[in-house]
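S.K.: Just so you know, the protein sequences line up as chains A and B, in that order.
Just so you know, the first sequence maps onto residues 2 to 395 in this note's numbering.
Just so you know, the second sequence maps onto residues 1319 to 1602 in this note's numbering.
If you are wondering where the hints come from, they were derived from the structure by calculation, not from laboratory data.
Even glycine gets a Cβ: it sits at the ideal position worked out from N, Cα and C.
There's no promise every hint is true.
[As the list claims (entries may be wrong)] Residues from chain A that face chain B, not an exhaustive set, calculated with beta carbons under 10 Å: (1) Gln20; (2) Phe21; (3) Met69; (4) Ala74; (5) Leu76; (6) Ile80; (7) Ser227; (8) Glu230; (9) Gly306.
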Amino acid sequence: MARELDYRRVMEVLGSREQFAQGDVACAYGAILGGCDFFAGYPITPATEVAETMAVLLPRLGCAVMQMEDEIASLSAVIGAAWAGSRAFTATSGPGFSLMQEGIGYACMTETPCVIINVQRSGPSTGQPTEPAQGDMLQARWGTHGDHEIIALAPASVQECVDLTRLAFNLAEEYRNPVLVMTDGEVGHMREKIVLPAEDEIELVERCPPTNKPGAYVPFRAAPGSVPEMASFGTGFHTYVTGLTHDERGLPATDDAEQHTRLVRRLVDKIRDDTERLTRVEVDSEEGAKVGIVSYGISARSAAGAVRIARAEGRKINHLRLISVYPFPERAVRDFANGLDRIIVPELNLGQICHVVREALEGEATVERVSRIGGEIIPPEEIVRALIEGGEQV
Amino acid sequence: MFNQARKIRDKYIRDEMWPSIFCTGCGIGNVLNYTLRAIDSIGLDIDRTVFCSGIGCSSRLPGYIEADGLHTTHGRAIAFATGVKVYKPELSVIVFTGDGDMAGIGGNHFIHAARRNVDMTVICINNFNYGMTGGQVSPTTPAEDLSTTTPYGNLEEPFDLCRLAIGAGAPFVARWTMGFPYETITAIESAIRTKGFGFVEILAPCPTGYGKANELRDAPANWDWYKENTITRIDLAQLSPDERSANRKIVIGTLWKEEKPEYIERWRQLVGRLQADSEPAKSS
Ligand SMILES: Cc1ncc(C[n+]2csc(CCOP(=O)(O)OP(=O)(O)O)c2C)c(N)n1
Ligand code: SF4
Ligand SMILES: [Mg+2]
Chain A
2 MARELDYRRV MEVLGSREQF AQGDVACAYG AILGGCDFFA GYPITPATEV AETMAVLLPR
62 LGCAVMQMED EIASLSAVIG AAWAGSRAFT ATSGPGFSLM QEGIGYACMT ETPCVIINVQ
122 RSGPSTGQPT EPAQGDMLQA RWGTHGDHEI IALAPASVQE CVDLTRLAFN LAEEYRNPVL
182 VMTDGEVGHM REKIVLPAED EIELVERCPP TNKPGAYVPF RAAPGSVPEM ASFGTGFHTY
242 VTGLTHDERG LPATDDAEQH TRLVRRLVDK IRDDTERLTR VEVDSEEGAK VGIVSYGISA
302 RSAAGAVRIA RAEGRKINHL RLISVYPFPE RAVRDFANGL DRIIVPELNL GQICHVVREA
362 LEGEATVERV SRIGGEIIPP EEIVRALIEG GEQV
Chain B
1319 MFNQARKIRD KYIRDEMWPS IFCTGCGIGN VLNYTLRAID SIGLDIDRTV FCSGIGCSSR
1379 LPGYIEADGL HTTHGRAIAF ATGVKVYKPE LSVIVFTGDG DMAGIGGNHF IHAARRNVDM
1439 TVICINNFNY GMTGGQVSPT TPAEDLSTTT PYGNLEEPFD LCRLAIGAGA PFVARWTMGF
1499 PYETITAIES AIRTKGFGFV EILAPCPTGY GKANELRDAP ANWDWYKENT ITRIDLAQLS
1559 PDERSANRKI VIGTLWKEEK PEYIERWRQL VGRLQADSEP AKSS
């Protein structure tokens, strides 16, 4: 039963295809165009507008929106809805993202499709609620305990809030995994022109339904590195879902080393093995450059500005923008760095993705960082200065 | 009786999960039996019923039922159940939880769900301790009692889970013990039939944890304890005012029942209203 988006009705609710919109609102639009039919969240700056927009739009499409008692409950409700057949999501920022780590791990272990939007703000703790940051990038990868893989996308514009949120829903369904949209307070609160997709650009990818009848269906049976079929609740398949280590039938097998290894390796490999397919990057390279920038999210705009300034001054510089951050596009980063001596990583934190870049390059080029915290985005000139004088050490 | 037990077992039990993890003398198995009998007598469609639970011995129950089950994280079962039910209201949702799971780590989800009044049934197995982790103090352990983390006696006052549920707005609240099978089954039926948040607390022995620490290790002594230390709401009402105020026994029975608007009904009305509002816009 392939899901179809009632495009006409959706556009009646969303308004015209071209709009001047805020990033958070654009995430909400992207979600609805990605087939979202359930939202649960908890207010937090600078992500609240996602919840407020969903609260206006979803009931008009006949779908439920809930404000839960906290972020743990929000993601829990989302996962519950997902098992009942929903394309569900939540949106939060740092403090709430910390609370959601429990649910993220549960969704990884139970292979539950769900989307989490993190409009990052400055931490640690309550930090600077209204200020943008990129301080949750490693938490996004490793925040929940135990071995797991995650898919994360990083919009750098309001348009990408629409596009990548839509994509996130399809990837969540296809890989049966939580997918993170790692935006930030700047992208979330700025306003830009967006163009919503035309009807023929809409494609909803769905979890693979059981091909066997109830009784013959084995809910967590899948070849190594692949994704099992998923029977939603209420369809007669009697699926038992647990965050405990489970066998192919979904039943607890907690002291079985072999089962645990097979399960967790599959959960990791189903995403890791598909890194190339999941990689989305933008490369701006020119002949003869010796220095490159690897950027993502809002800092990619600072980087693009730096590239313009540097080139106008006659300096050669290359730029790789990560649109997908996890699984980390190692190959793309290595290919990009090939022939370069230095890589500069600008981030709104004191050094996070720069470490992952350095690990990927295995010493092929030196990695330097341009770090800024406190609430302002990185002025392009600061990156240009790092290009000339060297950045901070990683 | 035996035939009926057999029938219930064949109809609802997930064979691969047998035998259960429960210790001898544990009350959790009885709760499974009572719940399945209630489901059977109501004639609930098992294909359209989802059992949710958190973490703990009590929370292992969904695994034993041949139905959809969501064994979630510690304390969060009710929040997960909320998502299941609100997204797919045609499903019946039953939550199994423990005193630690529901009133400790999950206390906030519990009171908010009672307030929100989404149609679901929550069955809390209160064994006065954290059984699964080896008998630590819980939010319902009586004051002065012993546990592995209160080896000199519990300094805290316990929650009265039913009063908590009533205060938070649950429209159906009952408490029973193992010794009252038919009353418990009837209470579970009523909770399932309640349009809204139905709550049943079942006092059940944990001989391995609380029992061992408090001289109730042996099963008959444990069962007697429940008889001696509880009083039905009806018996309590027969007492003189002085006797009533001196009563220290745990009150059992149907403790609250009211009709109030249920969340999904309200949501359906909202959707209907919005659709009606958008009709004229369509034709213009
Ligand atoms: C977040 C988290 N903290 C702690 C635990 C460990 N833990 C497992 S079961 C349990 C207590 C369960 O108590 P209760 O709900 O009363 O269930 P019982 O075993 O008594 O039936 C705890 C603390 C856990 N699984 N998760
Ligand atoms: S530890 Fe207690 S609650 Fe758990 S199975 Fe044993 S008796 Fe039952
Ligand atoms: Mg307990």
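S.K.: Now tell me if each hint is right for this structure.
M.R.: Verification of the hints:
1. Residue-level restraint check for Gln20(A) is violated (minimum Cβ-Cβ distance to chain B is 18 Å; threshold 10 Å).
2. Because the beta carbon of Phe21(A) sits about 23 Å from the nearest beta carbon in chain B, more than 10 Å, this interface hint is broken.
3. Interface hint at Met69(A): satisfied, since its Cβ lies 7 Å from the closest Cβ of chain B, which is below the 10 Å cut-off.
4. The closest approach between the C-beta of Ala74(A) and any C-beta of chain B is roughly 4 Å, which is under the 10 Å cut-off, so the hint is satisfied.
5. For Leu76(A), the suggested interface contact is upheld, since its CB lies about 9 Å from the closest CB of chain B, less than 10 Å.
6. For Ile80(A), the shortest C-beta to C-beta distance to chain B is roughly 6 Å, which falls under 10 Å, so the interface hint holds.
7. Annotation: interface hint on Ser227(A) violated; nearest CB of chain B at approximately 23 Å, more than 10 Å.
8. Residue-level restraint check for Glu230(A) is violated (minimum Cβ-Cβ distance to chain B is 15 Å; threshold 10 Å).
9. With its C-beta approaching chain B no nearer than about 43 Å, Gly306(A) sits outside the 10 Å limit, and its interface hint is violated.
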